[in-house]
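One-letter residues, chain by chain:
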Amino acid sequence: MSTQTFDMAAIESIIAKRKSMPGALLPILHDIQNTVGYIPPSAVPAIAEGVNISRAEVHGVITYYHFFRQHPAGKHVVQICRAEACQARGCEELASHAKELLGCDFHGTTDDNNFSLETVYCLGQCASGPAIQIDDDLYARVSKEKFNRLIQAKRGVQ
Amino acid sequence: MTVTIFVPRDSTALALGANETAAAIAKEAKARGIDIKLVRNGSRGMFWLEPMVEVATDAGRIAFGPIEEHEVAGLFDADFLNGGKHDKALGLTEEIPYLKKQERLQFVRVGITDPVSLEDYLAHEGYVGLKKAITMEPAAIVQEVTDSGLRGRGGAAFPTGIKWKTVLGAKAAQKYIACNADEGDSGTFSDRMVMEDDPFMLIEGMTIAGLAVGATEGYIYVRSEYPHSIANLNEAIDAANAAGYLGANILGSGRTFNLQVRKAAGAYVCGEETAMLESIEGKRGMVRAKPPLPALEGLFGKPTVINNVISLSAVPLIMSRGAEFYKNYGMGRSRGTLPMQLAGNLKYGGLVEKAFGVTLRELLYDFGGGSESGRPIRAVQVGGPLGAYMPESLFDTPFDYEAFAAVDSTVGHGGLVAFDDTVDMAKQARYAMHFCVAESCGKCTPCRIGSTRGVEVMDKIIANQNRPQQIRLLRDLCDVMVTGSLCAMGNMTPFPVLSALNHFPEDFGDQPMATAA
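These protein sequence lines are chains H and F, in that order.
Oh and the first sequence: position 115 is 131 in this note's numbering, straight run, nothing missing.
Oh and the second sequence: position 464 is 488 in this note's numbering, straight run, nothing missing.
Hint data in this document are derived by calculation from the structure and do not stem from the laboratory.
No incorrect hints appear here.
Here are the simulated BS3-like cross-link-like pairs (lysine-lysine), alpha carbons at most 30 Å apart as the crow flies: (1) F/LYS371 x F/LYS109; (2) F/LYS112 x H/LYS162; (3) F/LYS156 x F/LYS351; (4) H/LYS160 x F/LYS371; (5) H/LYS35 x F/LYS307; (6) H/LYS91 x F/LYS287; (7) F/LYS451 x F/LYS371; (8) H/LYS160 x F/LYS451; (9) F/LYS112 x H/LYS160; (10) H/LYS115 x F/LYS484; (11) H/LYS33 x F/LYS287; (12) F/LYS467 x H/LYS35; (13) F/LYS371 x H/LYS162; (14) F/LYS124 x F/LYS351; (15) H/LYS35 x F/LYS195; (16) F/LYS195 x F/LYS155; (17) H/LYS170 x F/LYS287; (18) F/LYS371 x H/LYS115; (19) F/LYS326 x H/LYS33; (20) F/LYS451 x H/LYS162; (21) F/LYS287 x H/LYS35; (22) F/LYS307 x H/LYS33; (23) F/LYS326 x H/LYS35; (24) H/LYS91 x H/LYS160.
Covered, in the sense of this in silico footprint (three residues per stretch, anywhere, with C-beta under 8 Å from a C-beta of chain H), are these stretches of chain F: (25) 37-45; (26) 289-301; (27) 304-314.
Over 10 Å on every C-beta distance to chain H, these chain F residues come out as not near it, computed from the model: (28) GLU149; (29) LYS155; (30) ASN265; (31) LYS351.
Computed from a prediction, not measured in an experiment: that's the story for all the values here.
From the three backbone atoms N, C-alpha and C, an ideal C-beta is built for every residue, glycine too.
Kindly produce the complete structure, drawing on both the sequences and the hints.
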């Protein structure tokens with residue numbers, strides 16, 4: 017279990033700032049994930065109170081959307097597009113290679129907590145696949161060799 | 025003399041190293057004492073050439089590409105700023121056949137201007153449409169859009185003007201414009217290119233929509249996978265507000281239109297319009313039953329125009345050049361142009377805007393150059409994960425909503441994904457069902473349960489367990505999903521599945537054509 021090291025005051029201030037806007041819940045969740053890296057389950061009661069809905073409804077929204085995390089991710093998040101356009105350009109081979117290289121499965125995190133591996137359905141780079149994203153950076157035409165170089169570079173700057 | 029150099033900021037260019045190339049150009053120019061102005065333009069949409077570097081000359085812009093960081097010094101050595109010879113030189117950009125053969129009405133600025141420069145936008149026919157619309161009666165604006173023949177570019181192809189008319193006629197204290205920018209279909213990136221490479225066009229289109237129907241608030245619902253779109257839209261919205269093109273007193277007219285971007289959260293089904301409304305309201309993206317139509321009871325229960333990015337950003341052009349101009353392009357009941365997206369296994373993937381009527385074959389071979397792998401193209405999926413797989417025998421189908429419907433296919437959002445002959449169509453059919461399992465909102469049974477059963481049936485077919493019976497079962501299941509699902513997610517997932525089965529029966533084993541009793 018990871019210890020709770022997030023800043024509850026920061027979460028409270030996000031809720032206070034956003035709660036009166038129409039349809040405030042998604043913007044609040046995005047801001048929290050941006051700041052904390054995930055949405056701590058223990059923040060749910062405060063969010064529910066802020067937007068005046070039940071905790072169950074907040075939980076329902078968090079778990080509905082693929083983008084929101086309830087647990088911290090690894091230091092780097094590696095997303096590999098596995099939708100049709102990238103399939104047509106060999107993303108499944110890259111996906112197998114990535115699992116082998118990182119030593120973890122999709123939706124998993126490496127033992128050293130350095131990388132989380134995720135599937136994404138479409139990064140909008142459909143003419144130049146396979147496409148991946150590492151943290152905030154996009155990469156297109158990713159061969160196995162290019163993937164190795166990118167991962168190595170991230171390992172180098174731990 | 026200062027030379028202007030262009031290096032795109034479009035995310036595909038960035039994904040291929042455009043920032044590194046741009047930095048290298050700036051550094052090299054400085055080291056050599058050459059005075060340059062570096063503009064970060066949008067992409068011309070010829071992605072095999074990205075990062076594509078352009079240089080402004082008296083004769084027009086000349087292009088070089090693809091240029092990686094390590095090739096920059098060589099460019100300077102070849103004196104590329106003065107037309108020096110280089111093996112990556114492409115000549116005048118406008119003369120590159122891929123661009124020259126297009127009919128870029130809507131994407132006229134894309135790749136040419138700095139996307140977030142309002143000044144650049146104004147210098148290229150920007151806001152001419154709004155200036156005209158602001159002098160017109162709302163009903164006249166709606167009529168102009170109706171007359172243009174514009175139909176919803178998100179995929180449903182519903183006449184845009186008719187939708188606007190419904191909202192205009194609705195009586196309410198508050199109305200909304202909601203732009204569906206949840207471009208989740210694989211093989212599509214035209215919305216992304218508008219938002220990243222010409223965001224003011226969308227902003228102007230939404231502002232005109234607001235004037236036309238009496239809406240004062242607009243929302244753009246953008247995928248979380250498109251951070252560059254969100255950033256460019258926000259920057260452009262700020263600039264438009266500061267210059268009086270948005271806000272409480274548009275161009276001094278006393279009319280109000282406020283616009284904000286809402287970030288989605290990775291649920292494909294939120295591209296369905298009512299699920300999108302739920303999501304903007306802060307709920308799970310569950311599809312709503314219709315009626316009521318969102319045009320009457322939409323966002324926060326108020327009358328709402330929901331249009332796709334391409335539909336809304338066609339409006340400034342229609343207003344500035346007139347409905348007749350737009351309508352003169354196209355065929356049958358498909359009027360105007362469609363920005364088509366060439367994706368997957370193609371040599372020359374990218375954005376091709378053409379009038380309706382162009383055939384699939386022209387796009388795949390004349391523009392796309394055939395498969396990148398060099399193998400024969402066996403199947404093309406048109407219109408995203410819910411679109412049909414089309415075999416070579418249908419490649420002469422013209423892009424036209426009705427012509428595609430006649431062969432059980434759909435134009436959708438104009439994306440096409442090419443597969444070579446190594447593709448296993450049974451696997452693609454299984455993937456379509458699997459995608460529906462992952463992305464179904466879960467509200468209706470045919471979609472939620474049907475997709476899971478569909479994966480199981482496909483697994484049995486692939487494993488050759490009682491194939492004829494399983495194929496009958498698959499057809500029966502698809503029939504239930506088509507007719508019984510609440511929205512396109514469930515009732516279009518059978519499109520890729522059945523088209524794979526019908527057009528590529530050899531991939532489904534011995535007795536594939538078994539039909540339901």
